[in-house]
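Generate coordinates for the entire structure from the input sequences, incorporating the hints supplied.
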Amino acid sequence: MKKIFDRLQVILLATVILCLALSCVLIPDRQLSEKENRSLTQLPAFSVEKLFSGEYTSQLGVYIADQFVMRDSFVKEKAYFELLQNKSENNGVIYTKDALITRPSNDVSRLTDNLDCIDEFAKDNSLSVTVAPLPRLADVFDEYLPKSYPEKLDFSVWQQFYKETDNRNFAVVDLYKQLCNSNEYYKTDHHYTTHGAFLVYKALGDKLGYTPMDKNCFNIKCVAEDFEGTSMRTSGFYDFEKDKIHLYRYSGDDNYTVVADSNDIQLYDFSKLETTDKYAVFLGGNHARVDITKKNENREKLLIIRDSYADSLVPFLAIHFDITLIDLRYYTDSVAKLAKDNNISKVLVLESIEELVTAKNLSYLRMK
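Numbering (the working numbering), first residue to last: 1 to 368.
Heads up, a few of these hints could be off.
[To be verified] Lysine to any residue pairs mimicking SDA-like chemistry, simulated, CA-CA at most 25 Å apart:
1) K87 / F240
2) K346 / D174
3) K368 / R289
4) K244 / Q266
5) K221 / D269
6) K202 / M213
7) K202 / K294
8) K244 / E184
9) K163 / N361
10) K294 / L127
11) K177 / K202
12) K340 / S126
13) K221 / Y256
14) K244 / T275
15) K294 / N219
16) K242 / E184
17) K272 / N255
18) K207 / D116
19) K207 / D291
20) K123 / E164
21) K360 / D154
22) K215 / D174
What the hints contain is simulated information worked out from the structure, not anything from laboratory work.
This is the structure:
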């Protein structure tokens, strides 16, 4: 009887393996994982040279992992299995009952050089530059973190930033306390909420020279109740409570001329609300350069050196300025020349503190 049972187990296992193998062959490869919001690896090109170097088998392993049948289900099961093993983290995301918190980098080795780049850019081009670093999820939701988490190490990044920004040619707007006290960040994503963007808009008024509009001047509308942010998609904790996205609309916010990388767009791309990446409702997602102007008006120009946090802030700043946004992850031309050619006098560097301490692309500011 035991032999029969053992044989049945072998047959069942072989059948499962055969079915999985056949499914990998018969089911067409996916180009994109909507759940993870990323492109999936495609079948690598074969060559004898790549085979003997080990490159081909390495690429093939990544391809099989990406195209594995029912991948999303296995990613989710793996994430929750980690929790059953008393592990609070998966793929660099810490699970808490209140938020999915991306573990930050605390390597400040690039901070001095990045601040030097901004400092030289401001001095060499006689520009009024304001730097406004944004806290990370681990900073904002520190009360939710496990007791063993090294919070002091996170704050040491900010201490180093404050120390390094003394006697510079740029101004600093300290958003740390206000955003950390407000908790206005998404629970499944690394960005602040639209109300968090509104708080930043108010905080920047003095340094940038405008009077912020009151909150009651906006028509606040929820446009998504099922936002699955980057932290959720990266971690596989797909059963976590989803976020809501709100827009702060005002009269005339659809009358700007908005050009992204030579293409006409709008401040809001409502088609993105039908996709996984719902945060891209703001400006339609990432672009190298975006120009926002108001028709038939001659307004002061503001250059924003930004990451994706700026996307939900821009509709507020567009009330007061014509804006050019530059994302140095994609824009590699001379920023100094751009500022000169467009008669820009004010510059805002709005990035996560994570980007300021790790990014290499701020060196483009040295380009003449």
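- Task: Below or equal to 25 Å on CA atoms is what counts here, so check K346 against D174.
- Result: holds (18 Å)
- Message: Just to be careful, I want the Cα atoms of K207 and D116 compared with a cutoff of 25 Å; is the pair within it?
- Response: holds (21 Å)
- Query: Taken at face value, is the distance from the CA of D154 to the CA of K360 at most 25 Å?
  - Reply: holds (20 Å)
- Message: Would the hint linking K244 and E184 be met if the CA-CA limit is 25 Å?
- Response: holds (12 Å)
- Query: Are the Cα atoms of K123 and E164 separated by 25 Å or less?
  - Reply: holds (17 Å)
- Would you mind confirming whether the straight-line C-alpha gap from K163 to N361 stays at or under 25 Å? holds (22 Å)
- Measure nothing beyond the straight line between the CA atoms of K202 and K294; if it is 25 Å or shorter, mark the hint as holding. holds (21 Å)
- Are the Cα positions of K221 and D269 separated by 25 Å at most? holds (15 Å)
- Item | Pair hint outcome, K244 versus T275 [Cα-Cα no greater than 25 Å] | holds (14 Å)
- Is the straight-line distance between the alpha-carbon of K242 and that of E184 25 Å or less? The given pair, whose Cα atoms are some 15 Å apart, holds under the 25 Å limit.
- Is K215 close enough to D174, meaning Cα to Cα at most 25 Å? Holds, because 21 Å separates the two Cα atoms, which is no more than 25 Å.
- Would you check the hint for K272 and N255, treating anything up to 25 Å between C-alpha atoms as holding? holds (20 Å)
Of the numbered hints stated above, none is contradicted by the structure.
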